[in-house]
Amino acid sequence: MTPPAPEIPARAPNSPLVGIGPPWSQGFAFGPDETVLAACRFDLNAQLQFGDGWIVLTNKRVIADEPASAEGTVRAAGGPRSWWIDADTRLDVQLRSAVGRVDLSQGDQIVARWLFTPAKAAAIHALEDAFDARLRGPDGLTEPADLRSTRQQVADASEEEAEEQPAAAANRDLADDAAGTGGSASWRPLFRVIAFAKPHAGMAVLGAVLSLASTAAALVPPYLTMPLVDDVLIPRQNGKDVPFSIVWWYLGGLLAAALIAWLLSWFQTWTAAWVSERIAVGLRTRTYAHMQSLSLDFFQSKRTGDLMSRVGSDTDKINVFLSVNLIEFASNLMLLALTTMVLVWLNPTLALLTLVPIPFVVWLIYAVRERLRRGFARAAVAWSDMTSVLADTIPGIRVVKAFAQEAREIDRFAASNERVLEANDRVNVVWSFCGPVISLFSEIGLLVVWACGAWLVFAGGVTVGGLTAFLAYIARFYGRIESMIRMVPATQRAAASAQRIFEILDCQPTVAQAARPVRLDRVAGRIEISGVHFRYGAREVLHGIDLVIEPGEMIGLVGTSGSGKSTLANLVCRFYDPSSGSIRIDGVDLRDVDIADYHRNLGCVLQEPFLFFGTIADNIAYGQPTASREKIVAAARAAGAHDFILSQPLAYDSRVGERGSGLSGGERQRLSIARALLVDPRILVLDEATSSVDAETEAIIQAAIDRLVTGRTTIAIAHRLSTLRRANRIVVLDAGRIVEMGTHDDLLAADGMYARLYRSQMKAAEEAAAAG
Amino acid sequence: MHTPADAPATIAADSPEGWRLERHAHGRLDLIDIDGRCHQDVDVLRAFPVTAPAGPVAVVAADGGELAWVESLASLPAALKSLLDRELAQREFLPVIERIEAVSDTEPTEWTVNTDRGPHRFVVAHADDVARHPDGSVFVTDTFGMRYRIPRVAGLDPHSRRLLEKLA
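One line per chain: the protein sequences are A and F, in this order. Residue numbers for the first sequence follow this note's numbering, so the first one is -14 and each next one is one higher. Residue numbers for the second sequence follow this note's numbering, so the first one is 824 and each next one is one higher.
Next up, chain F with everything else stripped away, as it sits in the complex (with noise of 0.2 angstroms):
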């Protein structure tokens, strides 16, 4: 197989139940089960990415199937912990809301924001979409179930959270 001379070599970690997840080049990811068979270009995803992100992370095949299943990332050897919690990162684009500008006083609302990930306007379908943790965190998901994270609300501006008050 043809591989760049600048693309990370493949990264390799081993799991206590014995199968075993390769990161290649280009981020494909494949998983060997206890029996040895590679499963090729699989997934992985948080089962409760919003009450628990800290919890039971899945690991899919292409088709949607569940090859393996972890309890919890805590608990993991260091190198799958790792592994993990990098493709993780990648996959769950996330943008943190920084700034909100302005939101429409109608539902659907339209949402125009600043995110670590520069300026971006979305749509909101309902009011139940912006998601209030006991955390202080809110979960803002919009029309096409892209989701946007506010890690602090006492952290935003005035500004900002008194637009966010009059929705949630």
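Okay, chain A solo, but in the shape it has when bound (with noise of 0.2 angstroms):
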């Protein structure tokens, strides 16, 4: 074993180098001339207990210092160690559990081993990395330019470090806040959702004058029952000679008030319910918009099932709450302070008892509210798997119904209904029980009023009619108390709703448009790969692939399952962004480019064709909608696909279904092929296009692909290696590297794992045609 490296004394205080290593490496002491290239940070020891490490790369030595073990008290080794590297040193990475580690070794030695979660993964592949390419640089050390990136990328390492703990905070705020500690962070969604109505604030300014005028109408009728009680009936009752054309004239007021104050409320409802379908369209529009704008991860990890409710039910509820319930609430906070102002005016002493309850209102609402939203937030999670069922179920129809699954499929959706109905059962239990507590404290609160009333009645203090229009008022009142208490679930409802759209709104496009993108026209259709790196999360699955293809070349990419052909292609198509290293078309990065430009250029025929519900010719025509029928039936001709067209009920007019249901693999395939062949792309990427089809169908696609290729650079996938005969070159790739490179002679007579794989396929077709 080598031994550790002797200590280096400190560093001269002048050194240039000074700074270059993260944060937490610092107190290490740096050689003079010892340049760090790489650092990263690991978490576990060597009994898997969670800890804190760090790995630095210099271009002399690697450093590391082990986590502390469980009991917090000696470090591994008393502190950092270091190994000198020379040509012997290796670094290897692995990562196939949920440990990955470190071989550190020198010879066939293992002389160190870290352990890491796949947390750290990244950063331990960019180790990885740097340390490869420290090899391959000139004398162990890589040049300036590499060197400021390394440098840079050790920069943002520590950065990465330094905000993780406020990150990580934040991650815990939300949480706090989904368990009901948080203060207002309910009412946040619904604020951000009436921005969608700043376009329609005309109609909502007007909504909210029409709902203080139909208030204000609403609290005429009592006003005039008290001289009607005070001045007519008890005077006539007294005695009085009281003619009854007066009763007519207060009667004739109460029916006014009433009418005005039905025509109000009805203009106002009416203007809630416009301003806030179109809060919901809006809403609904930019959400589905912003959906397309993501990259195709966002689509990998959500359900669909899930985004339907999003997008559906979610924005419904908030229409809802919008038309109905927050025009409610704004027209009884109106109410209830007009008419706490009327019975101030008209009793203070009976107005303040009247008072009394509002306390223990606030208090309930503020119990209840976070636990409504949760309950409805979970709810609408129940109903978002349920929907998921049914998104995941329907498409599998077939596979469902081929294994007998039915009663399966069945209960797996009962089980979802039934904690759909839980969880509205548990909020329902809450919020029904708001209602009848604010009922109960407004009995109690007329009877005391009552009480106190009949005794300032007898003292002198109120008249009759007084004491008729203040309980008027007071039921008015509690009623409209109730009536926002009864909102406190919609409210609560809505706003758990608005989160879940938020949510999605708020997602980042992973590949991302660039600030100022380099615009495209038609290009030429060169393709430099230069230093690929990709990673799944924590799995790198493409480890440095450099490969030139020029304008109209033809490139065939083999290679096993798994051995990183899709992830190419899906690279070349800008679906994601490398992890390292460029793609370059036409010398310009992909990252830099226009996005919808480099689409335009670029044709896709995938192993699945997916076809849209709609007619053959929409679907030949999907993407250039304005292409001429003339077009359309050129490229069905060139596609092979004219014939069998013609032979549907409806010709090119024929509806296919969803999925393209009707129609065979290969009749799909080829209207694939005709949608490529539409938009004249520059660049095609074939992934596997004839691998679901059987020999004879694969030979007229096969003959529609041959035409679809010339002059296009393109990029081929293919596991039978016969439909790769056109192309330039071929490219065997294996576990994320690029193994053999050349034309499909030079790599048979090389006789390496391209002539395996073709002998293989040789034998098989031959045993194939024997048996047949």
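Simulated from the structure, these hints should not be mistaken for lab results. These numbers were taken from a predicted model, which means no experiment stands behind them. The beta-carbon is built from N, C-alpha and C at its ideal position, and this holds for glycine as well. Any given hint could turn out to be false.
[Stated by the list, open to error] Some but not every residue of chain F turned toward chain A, in silico, with C-beta under 10 angstroms:
# : residue
1 : T874
2 : W892
3 : V919
4 : D951
5 : T964
[What the hints assert, rightly or not] Partial list, derived from the structure: chain A residues whose beta carbon lies under 7 angstroms from chain F:
#  : residue
6  : D628
7  : L631
8  : S632
9  : P634
10 : L635
11 : A636
12 : Y637
13 : D638
[To be verified] Output of the computed footprint for chain A on chain F, the stretches with three or more beta carbons under 8 angstroms from beta carbons of chain A:
#  : stretch
14 : 861 to 872
15 : 893 to 900
Hey, can you piece these two chains together into the complex? The hints should help.
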């Protein structure tokens, strides 16, 4: 075993390299001509307990500090250790399960092993890359440019670490919020919804004004009953001669007030519905448009049913809230304020008594609000799960039937439906409790006012008419409070829904449009792939791909499944961005290019051709809806689809069902080839376009593909090597690396992996022919 | 070949491209291509019967292969145009719905209609099978792929229109 490197004396104070190491490695003495190339942290000790350790790679050494053991007392080797790097030194990273390991070996001896969780994988892989790059560099030193970028990475790494703590804290905040200790957070998403009302501000203001007016109108009747009782009815009862015509006047006034209130509230309700409907439409379209802008990985991490329920049912809940509840809430609030004023003006003592239950009400709302919101959020999630079961099994119905799993799927749906019921039941218990409690408060309140009022009438402090009017106002007052309480559930339901919508709206596309994208017209089609690495999460699937494809060249990508072929194709399509390295189109980095411009130059034929619900002509013209009929027919002819299209009942106007039901796999594939041909792309990606069809259909499709690839830069992935006979070059991938490259004949002569694959396929074909 | 005396005589028409269409007794249609080969019992059909009824027409062999293509009927010599028009009219059985008597409430909907070919009942699988066109006409496709045409919705009686509004 190689002894640890001797400790290097402390740096000279004027060393130019001061401060290059990440902050957590500071205090470690670097040599005067030692340069930090990469640094990362790892998080497990040898006993698989969480801890905090770091590895720093310099041009001379690997330096590492082990996490302390669980006892937290002794560091494994008493502080950071270091190993000199020589020609025999290797750094191997493996990540197969939840525990990854970094092995440092010298010759065939492992001298150190560090363990990490997938959370650290990206940084560890970067370290590995830097280690490998170091070996490639002249004299074991990387060029200044590379050095600068690694230096940047080191800085980034330490920044990342620095940010990690606050980020974790923020996450905790979110969790706390959800757990119900958050303050006014539940209202925040609703305020954001209001922003969607901006385009309809005029109508919204009109609604508010109408609401105020109708509220005021509703307050008039009790005010009229007071003189009716005191000046007309009671004097009359006491034998005074009051003409009945006065009563008519008062009744007329009451009727007019009622009519005006009715008319105003009609307009106000209509206005509210008008605005909220538009807000909901805006939300839905924005959410959907935003979803379309998100990258593929978003859709792979989300369930279709969940997204559907967010766009559909959650926006609807917000709509109901805005149209019914928000205006009601506002008008209730105004009514309460006005009523309180009238009450105080009528009789301050009684008014004070009326207000006694208010603190209880406020306390109740506060106590119940968070509980409700969490309940409704749970209910919305349960609903999403239920929709997901539908979105999952309906497209997969053939598998369900083929394996006779209908009963299982029914159970699955019933179980998720049961969870909806459970979630709703729980929240129903809470809100159904609120209404009656408020009724109780108002009954008690009325009782108190009756008692005090009766006493005041006896004492002469108030007239009977005054008391009647007062009681009428109080009935309204409590009625409003009651209805406000009933709205708390609706508000919280809408808040939960708004939260779910903003979760989508706040997602950022990982494949983002550059700030100042380079506009592309028609590209020549030269693709340069240089040093491309790609990771799915912690797993690295491409380890440095270098490949230049000339305009018009056809490249066949060959390799076992999992070798990274499709990933490479996805990168060229810019469905993802490489983790490191770059892909250039005509010399411009793909990340700088306008995504839509690039995709207009790109045609894709995938293994599973997707057809949309619509006519055959619509599906062919999908990439260019304005295409003329001549163009559509020409594309179909070139794709070998024309004849079978003519045999459909309505030829080009025949409807193909969802996902192209009613057509065979080969027919669907030819339609998707026609679709690619129609847009006349400069770059073509064929991802196993013929793997799902029989040999005879394959011949037809192959002929169509041959027409398709002519003159276009093509990347074709194929299992069947026979389909690559027109390829200019064949690239063989294995475990994320290019292992062979050349023409079919070259590769056969080289007698490597391709030759083996080819021979085994030929043999299989011969056997099949012999058997057939 | 035996030809009944009352059967119409063979009608032939040449295309500008050099192929020739022949209509024989009992409506059999043959195409003689530019190399002089005779394809018996061919079919004529519109490529876009719904979206462009006046658009391209294809002549296809009995086995489905395309033999000839006409971009637009209007540009053809009169003889060929009238022959094709006649053949298309014969092959495209497209009853015109004159009155909708009843449409059931649930999907798939069952229709009871009066057509120019007499009363008829059929089933429509989905609302998408009732296609409205900007010119005010409607095409209805039943579960067997049979099509029915309503040339002008405005021309229908109120009862029929109400039933149609429910669907499209």
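Which earlier hints turn out false for this structure, listed by number in ascending order?
3 and 15
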